[in-house]
Amino acid sequence: MSLEILAVDDSRTMRDMIRLALLPAGFNVHTADDGVHGIEVLDGIEPDAIITDINMPRMDGFGFIDAVRGQDKHRATPILVLTTEAAPELKARARDAGATGWIVKPFDPAKLIKALQMVAG
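full-length UniProt numbering puts the sequence shown at residues 1 to 121.
Note that these hints are calculated values from the structure, not bench results. Certain hints may be false.
[To be verified] DMTMM-like, lysine to aspartate or glutamate: derived pairs with alpha carbons at most 20 Å apart:
hint : residue 1 : residue 2
1    : K114      : E40
2    : K73       : D43
3    : K111      : E85
4    : K105      : D10
5    : K111      : E4
6    : K91       : D60
7    : K105      : D33
8    : K73       : D108
9    : K105      : D16
10   : K91       : D108
11   : K73       : E89
12   : K91       : D66
13   : K73       : E46
14   : K114      : E4
15   : K114      : D48
16   : K105      : D34
17   : K73       : D48
18   : K111      : D16
19   : K105      : E40
20   : K73       : D10
21   : K105      : E85
22   : K111      : D48
These figures come from a predicted structure and were not determined experimentally.
Between the sequences and the hints, there should be enough to build the whole structure, so can you do that?
Written as structure tokens, this is what we have:
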């Protein structure tokens, strides 16, 4: 069974890296280039987990997490934050908003796969 993942990041390179890391592990990856686009993509899919960056135009990761958590059907969908940020106060803010976990870039593909399998499996 393949897990459905939504990856939201304003960097095309990062979206490609996430896709390249996850596809061989059997994940089906949907991508969006910021929080606003992420909400639009989310309308048409039922992801097992969501990966989001924090620093993005139009709607940042915190706004995106809030918007996802505001939808009944996604209230319990695991959300992993994948970002260059490592500040404890930002981690706490993400956790308070409803993030499930936090991974700092650059990421180890094996660790990302393991984290997704843990939260979505």
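Structure-based check of all given hints:
no. : hint       : result
1   : K114 x E40 : violated, 27 Å
2   : K73 x D43  : holds, 10 Å
3   : K111 x E85 : holds, 17 Å
4   : K105 x D10 : holds, 14 Å
5   : K111 x E4  : holds, 17 Å
6   : K91 x D60  : holds, 14 Å
7   : K105 x D33 : holds, 17 Å
8   : K73 x D108 : violated, 30 Å
9   : K105 x D16 : holds, 14 Å
10  : K91 x D108 : holds, 19 Å
11  : K73 x E89  : violated, 28 Å
12  : K91 x D66  : holds, 14 Å
13  : K73 x E46  : holds, 9 Å
14  : K114 x E4  : holds, 15 Å
15  : K114 x D48 : holds, 14 Å
16  : K105 x D34 : holds, 17 Å
17  : K73 x D48  : holds, 11 Å
18  : K111 x D16 : holds, 17 Å
19  : K105 x E40 : violated, 25 Å
20  : K73 x D10  : violated, 25 Å
21  : K105 x E85 : holds, 8 Å
22  : K111 x D48 : holds, 17 Å
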